[in-house]
Amino acid sequence: MKNIVECVPNFSEGRNPETIDALASTIRGVEGVKLLGVEPDKDYHRTVVTFVGEPASVLEAAYQSTRVAVERIDMSLHKGEHPRLGAVDVVPFVPVSGVSMDDCVRLAHEYGKRVSHDFKIPVYLYEHAATKPERSNLSTIRKGEYEGLAQKLKDAAWKPDYGAAEFNVRSGGTVTGARKFLIAYNVNLNTADSTLAQEIALRIRESGRLKKDASGQTMKDQRGEAIKIPGTLKAVKAMGVFLQRFNIAQVSINLVDYEATPPHIAFEEVRRQARSLGFEATGSEIVGLAPLTALLVGGTFYAHRDAKASDLNEEELLSIAIRELGLSRLEAFDPKKKIIEYMIS
10 MKNIVECVPN FSEGRNPETI DALASTIRGV EGVKLLGVEP DKDYHRTVVT FVGEPASVLE
70 AAYQSTRVAV ERIDMSLHKG EHPRLGAVDV VPFVPVSGVS MDDCVRLAHE YGKRVSHDFK
130 IPVYLYEHAA TKPERSNLST IRKGEYEGLA QKLKDAAWKP DYGAAEFNVR SGGTVTGARK
190 FLIAYNVNLN TADSTLAQEI ALRIRESGRL KKDASGQTMK DQRGEAIKIP GTLKAVKAMG
250 VFLQRFNIAQ VSINLVDYEA TPPHIAFEEV RRQARSLGFE ATGSEIVGLA PLTALLVGGT
310 FYAHRDAKAS DLNEEELLSI AIRELGLSRL EAFDPKKKII EYMIS
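Everything in the sequence shown is counted per the numbering used here, starting at 10 for the first residue and increasing by one.
Worth flagging that the hints you see were computed from the coordinates, not collected in a lab.
Small disclaimer: the values here were computed from a predicted structure and weren't measured.
For each residue, glycine too, the CB sits at the ideal point set by N, CA and C.
Keep in mind that the hints are not guaranteed to be accurate.
[Stated by the list, open to error] Dumping the calculated DSSO-like pairs for lysine-lysine here, alpha-carbon to alpha-carbon at most 27 Å: (1) Lys43 - Lys345; (2) Lys168 - Lys122; (3) Lys141 - Lys152; (4) Lys88 - Lys152; (5) Lys11 - Lys43; (6) Lys221 - Lys237; (7) Lys168 - Lys88; (8) Lys141 - Lys237; (9) Lys237 - Lys220; (10) Lys220 - Lys163.
[To be verified] Label-pair restraints from in silico Cβ distances: (11) Asp112 - Ala316: 39 to 47 Å; (12) Gly287 - Ala173: 50 to 58 Å; (13) Ser328 - Asp266: 21 to 29 Å; (14) Leu219 - Lys129: 36 to 44 Å.
Let's have the full structure, built from the sequences with the hints guiding it.
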């Protein structure tokens, strides 16, 4: 493969192995596509699938897996910890090599056009494919989630980019677009209190939080606009969640620009904030894949902190990053299965 696009659809199914297998098999069956990862989460009730290939093949795999999801997932019965708009919640196209962001924008438009027509799903475009500034942020589009979508579609300001403004009870809505490589990164806490995790999330995420007065009311400036306290980390989205299967809380993070804020910086900031509240960050996990450099810079950071030799090789730096970030705390972290360069090669 010379021209490589990555696609990372998030499906609102994390508990039914037959449906998850059907999604994976469908993608695997498209010629010119390599399936890199399938990661279901029962608490989130969500599966993140990662695949790469030539642009046309990736588009076809995204379409065919959407068909399977529409057939098998009923959103009217769905409950999970993660925000979601529909059965096929979000389908991003990511340039890897030999393709531009504009190429991925075109893929998102074609995907949205096809699935809205064939499956009667309202589709919104986000990030680099957004048709309006207010739609560039995924969380803004997803606000209100599936349960609020019917009402949202009645608002002319939220007319879908593709498809009719009609609520699909079974499938909900879908968001697609083109973006940079995003790392889904979650930090574990030594508490089961998700409100603590949410407090940390509000402190670190770039969008920050609303400033409140002593009575808990939102403070406003002279123009009557709400005052916000900015978060401590750039290019970071975050929320607090509870993982029932491990009985822990997590700060669930999207690193939307891992060069601005790599995993180790996010981990150390969560650790700092947790300690200020009397708790600890006990490890972390990467959902989906990560670029090699994102972990190598972490390994280098910890090696310098501990005054280790400066001539460490790639394998040694990775080992340090995995250990210091606690990436194997919940499940074993295998670089050959979690780093995109290793998976593609």
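Going through the hints against the structure:
1. Lys43 - Lys345: 15 Å, holds
2. Lys168 - Lys122: 14 Å, holds
3. Lys141 - Lys152: 16 Å, holds
4. Lys88 - Lys152: 16 Å, holds
5. Lys11 - Lys43: 13 Å, holds
6. Lys221 - Lys237: Roughly 9 Å between the alpha carbons, so the hint for Lys221 and Lys237 holds.
7. Lys168 - Lys88: The given pair, whose Cα atoms are some 25 Å apart, holds under the 27 Å limit.
8. Lys141 - Lys237: Within the cut-off at roughly 23 Å; holds.
9. Lys237 - Lys220: Status holds; Cα separation ~5 Å.
10. Lys220 - Lys163: Answer violated: Lys220 to Lys163 is near 31 Å, above 27 Å.
11. Asp112 - Ala316: 39 to 47 Å: Holds: the Cβ-Cβ distance is about 45 Å, inside 39 to 47 Å.
12. Gly287 - Ala173: 50 to 58 Å: 51 Å, holds
13. Ser328 - Asp266: 21 to 29 Å: Holds - the Cβ-Cβ distance for Ser328 and Asp266, about 26 Å, lies within 21 to 29 Å.
14. Leu219 - Lys129: 36 to 44 Å: The hint (36 to 44 Å, Cβ to Cβ) holds, given that Leu219 and Lys129 are roughly 37 Å apart.
When held up to the earlier numbered hints, the structure conflicts with hint 10 and nothing else.
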